[in-house]
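Chains A and B, in that order, give the protein sequences.
Residue numbering for the first sequence is 3 to 202, as defined by our numbering.
Residue numbering for the second sequence is 3 to 202, as defined by our numbering.
Each hint should be verified, as a subset may be incorrect.
To be verified - If you want the footprint, here are the derived chain A segments under chain B, 3+ residues with CB under 8 Å:
(1) 158-165
(2) 176-189
Claimed, not checked - Here are some chain A residues the structure puts well away from chain B; computed CB gaps all over 12 Å:
(3) L27
(4) G75
(5) H101
(6) R135
To be verified - Between beta-carbon pairs, the in silico distance windows are:
(7) A:G153 to B:T118: 45 to 55 Å
(8) A:E29 to B:P105: 51 to 61 Å
(9) B:A48 to A:M5: 24 to 34 Å
(10) A:E130 to B:E183: 36 to 46 Å
For the record, the hints were derived by calculation from the structure and aren't laboratory data.
Even for Gly, the Cβ is constructed at its ideal location relative to N, Cα and C.
Number of protein chains: 2
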Amino acid sequence: MNMGKVTCDIGISVDGFVAGPNQRLEEPLGEGAERLHRWMFEQPDANAEVIEKITDAGAFIMGRNMFGPVRGGWGGSDWRGWWGEEPPYHAPVFVLTHHGREPVPMKGGTTFNFVTDGIESAMAKAREAAGDRDVAVAGGAQTVNQYLAAGLIDELRLHIAPVVLGAGERLFADVGDPGLEPVAVSHTDLVTHVTYRVGR
Amino acid sequence: MNMGKVTCDIGISVDGFVAGPNQRLEEPLGEGAERLHRWMFEQPDANAEVIEKITDAGAFIMGRNMFGPVRGGWGGSDWRGWWGEEPPYHAPVFVLTHHGREPVPMKGGTTFNFVTDGIESAMAKAREAAGDRDVAVAGGAQTVNQYLAAGLIDELRLHIAPVVLGAGERLFADVGDPGLEPVAVSHTDLVTHVTYRVGR
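Taking the hints into account, I'd like the entire structure generated from these sequences.
Okay, structure coming up:
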């Protein structure tokens with residue numbers, strides 16, 4: 003069986019931040035960071051092809067902060083993600099966490115699975131679930147940086163918003179040089195899309 | 003008379019640095035930063051159009067560090083820039099410095115002029131010298147950031163090298179949000195060129 007690629011789509015400011023400063027429940031991406039994603043919400047047609055690819059994967063991996071704001075163990079929390087009853091993934095999602103929890107099936111084919119034994123284990127599980135389709139590392143910054151540092155991402159798709167955040171979470175922090183090669187670019191007035199092939 | 007644009011071409015790493023750490027005389031752009039410019043030296047033909055535009059201006063402005071490594075006053079220094087007897091500018095160059103010095107004429111039309119009364123004065127002088135041609139802010143990072151913060155750049159052309167520097171001088175540090183709009187993109191395997199229109 004052919005294996006799919008491991009992809010990663012991430013929105014980033016022109017000065018290299020993927021989330022603004024002072025992240026909190028009311029502003030989970032930090033101050034000003036909603037401007038990173040204006041192109042998705044204001045220009046869904048002009049960016050349709052790019053947007054479609056973001057969720058075109060057989061399995062997803064995300065960090066605990068991306069799944070939800072719950073600190074410490076899950077306790078009695080029944081948090082089911084930010085995305086309502088039918089999340090846009092339509093596939094298994096593997097959430098990296100230190101705290102185990104039973105899988106949470108959602109409408110439309112998304113199931114949130116909780117992985118407590120590290121990024122490589124999560125990748126193995128996602129690969130298996132995805133079959134010959136791609137695995138998408140969905141974020142946030144720390145999770146993407148961990149996978150980049152481990153050399154486990156094949157294709158990085160940066161969506162560079164023309165905004166300066168000035169502070170926040172930096173993509174590429176402490177990842178070494180992942181070996182990037184730009185293979186495709188496009189733009190609208192609200193975003194520049196750059197696809198990088200990754201590999202030393 | 004029509005006024006030209008104020009442009010700025012600058013090479014930048016994918017993580018937002020325009021110079022590496024530990025800049026010194028032997029390595030004026032800092033560690034690893036020569037990789038920012040591989041596209042210019044290894045792919046002059048594929049990037050010919052972009053390269054030609056970099057020096058297509060009627061006057062240039064640069065910071066003192068870009069002109070040379072001389073610290074403090076000029077003293078008896080006869081430093082004439084990094085570029086040999088015939089620099090690639092072929093036009094007046096205005097060097098921002100705290101220390102006045104007589105103009106230094108070079109071969110091929112370049113004259114280095116030394117401006118001690120600030121960035122707006124340098125811009126006025128460059129505008130006058132350029133006539134209806136463009137004025138190019140040639141670098142380095144601090145100079146570009148000062149002009150961005152002052153709202154004096156019309157077109158910012160980023161040449162994004164697919165390398166991670168991890169540390170060094172950051173473009174966009176403390177500039178606020180300059181109001182960027184991507185208007186053109188292209189790439190080779192060694193660089194992504196993004197032209198931004200600037201203006202709040």
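Cross-check of the supplied hints:
By the rule of at least three residues with a Cβ nearer than 8 Å to a Cβ of chain B, the coverage given for the segment 158-165 of chain A holds, with 4 such residues. Coverage of the segment 176-189 of chain A by chain B holds. Counting CB-CB distances below 8 Å, 13 residues qualify, and the rule asks for three or more. Against chain B, the non-interface label of A:L27 holds: every CB pair exceeds 12 Å, the least being about 25 Å. Distance check on A:G75: its Cβ is at least 34 Å (rounded) from any Cβ of chain B, clearing the 12 Å threshold; non-interface status holds.
Residue-level check passed: A:H101 sits 31 Å from the nearest beta carbon of chain B, beyond 12 Å. With a least CB separation of 26 Å from chain B, A:R135 remains clear of the 12 Å interface cut-off, as annotated. For A:G153 paired with B:T118, a C-beta distance near 51 Å keeps the hint of 45 to 55 Å intact. Hint check: A:E29 to B:P105, Cβ distance near 53 Å, so the stated range 51 to 61 Å holds.
For the hinted restraint 24 to 34 Å between B:A48 and A:M5, the CB-CB distance of approximately 33 Å keeps it satisfied. Distance hint check for A:E130 and B:E183: the Cβ-Cβ separation is about 44 Å, which falls inside the suggested range of 36 to 46 Å.
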